[in-house]
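**Student:** Sequence:
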Amino acid sequence: MQRTVLALALLGLTSAAYADITVKLGAAGPLTGPISHIGKDGENGIRLAIEDANAKGVTIGGQKVKFELVSEDDQADPRTATTVAQRLVDAGVKGVIGHVTSGASIPASRVYEQAGLPVITPSSTSPLLTRQGFKVTYRVIANDLQQGEAMAKYATKKLGIKKVAVIDDRTAYGQGLADALSDSMRKDGAQIVAREFTNDKASDFTAILTKIKGLNPDAIFYGGMDAQGSPMLRQVRQLGIKAAFLSGDGLCTAEMLKLSAAVMDNRVFCTQAGIPMDKMPGGAKFRERFEQRFKGEVQLYAPYNYDAATALIEAMKAANSVEPAKYLPALKTLKFKGITGNIAFDANGDIREGGVTFYSFKDGKWVATE
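Take 7 as the starting number for the sequence shown in the working numbering and just add one per residue.
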């Protein structure tokens, strides 16, 4: 009897030692509101990465790990973002993928820094995010400076743009991108004939555009998201403005094509941080799996969300620990081939190989030109 009890006790200890542990990974982005399609797209990218990791089986610290997604809606709002960040910290997540917008990421990053919780953004491109000196903040996509320089070069050298009117939505993303574009355009010899702003809730841009029409620009650049970019483009054409319409990755979406189908033409261009999905190392397969799993097309950042989630998991594996303080150093030296390309970070937490691609509208879709 005693031997049986002892054997059962030992078996219990052995089973406990190798029992599955659940590790929560946080996600933060807009799941409601005008850009919820981008937030949900990213959330699904994270979900796919977690499902893949769980299917392969991950053992850390001698225990089999099961990853679990804890997702929060920040509404792309700075104040809500800090609340959401604290909620994720309190929930005991071991790392965070987010936020989607720079306006949310920048204030939320302070919460994560104070908690010592690693956070990797898949899409926040403001240079300010990684210039705060924080130890826990990382990014898997090119920043606004790179996008602005690429757009300016293409606009001046390829399109022959000499006069540009610039509008932004006053968010950290929109204003940062517009500033980067303006600075680069001036350096390339172009003239900024107007510098206007709106907000990320607006839908009527008639007053701004009427003023701009009188200046006869060669192009209008908008720094913001597709929810405002679409009605702005419609109003540009309704007012008879023939200028090219330029934007960043916030408008380089499938949703923009749907919302603006009636007015899209060969004078509409955008830059997107990263490379086209069909040129990503794992892009074609990812698109196929994503669309089969979620019954919808990739909007924009899903592959980057996948790589951001994978980076957290790979750092945990490298450090043999799921505790933030122990695996955080591993992020600094992390190197792996992701869906979007080689994942490795510089001293600031920025991606080392962050490409930028220029797109034009052609035959009903965005087509990479260079």
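Check before you lean on any hint, since a few could be wrong.
Below, computed lysine to any residue pairings styled on SDA-like, alpha-carbon distance capped at 25 Å [claimed, not checked]:
| hint | residue 1 | residue 2 |
| --- | --- | --- |
| 1 | Lys371 | Thr162 |
| 2 | Lys323 | Ser188 |
| 3 | Lys341 | Asn50 |
| 4 | Lys285 | Lys219 |
| 5 | Lys30 | Ser77 |
| 6 | Lys62 | Lys371 |
| 7 | Lys219 | Gly195 |
| 8 | Lys168 | Lys323 |
| 9 | Lys343 | Lys264 |
| 10 | Lys164 | Arg201 |
Calculated directly from the structure, the hints in this document are not laboratory data.
**Student:** Each hint: holds or not?
**Tutor:** These are the hints, each one checked on the structure:
Distance hint between Lys371 and Thr162 is fulfilled; the C-alpha atoms sit about 23 Å from each other, no more than 25 Å. The hinted pair formed by Lys323 and Ser188 fails the criterion: a straight-line CA distance of about 43 Å is larger than 25 Å. Between the alpha carbons of Lys341 and Asn50 the distance comes to roughly 24 Å, so the proposed pair stays at or under 25 Å and holds. Distance check on the hinted pair: Lys285 and Lys219 sit about 38 Å apart at the alpha-carbon level, beyond 25 Å; violated.
Among the hinted pairs, Lys30 with Ser77 is consistent with the structure: their alpha-carbon atoms are about 10 Å apart, no more than 25 Å. About 36 Å separates the Cα atoms of Lys62 and Lys371, which puts this hinted pair outside 25 Å; it is violated. Restraint check for Lys219 and Gly195: satisfied, since their Cα atoms lie roughly 21 Å apart, inside the 25 Å limit. Straight-line distance between C-alpha atoms of Lys168 and Lys323 comes to about 52 Å, which puts the hinted pair past the 25 Å bound.
Between the alpha carbons of Lys343 and Lys264 the distance comes to roughly 33 Å, so the proposed pair goes past 25 Å and is violated. A distance of roughly 23 Å separates the Cα atoms of Lys164 and Arg201; the hinted pair therefore holds under the 25 Å criterion.
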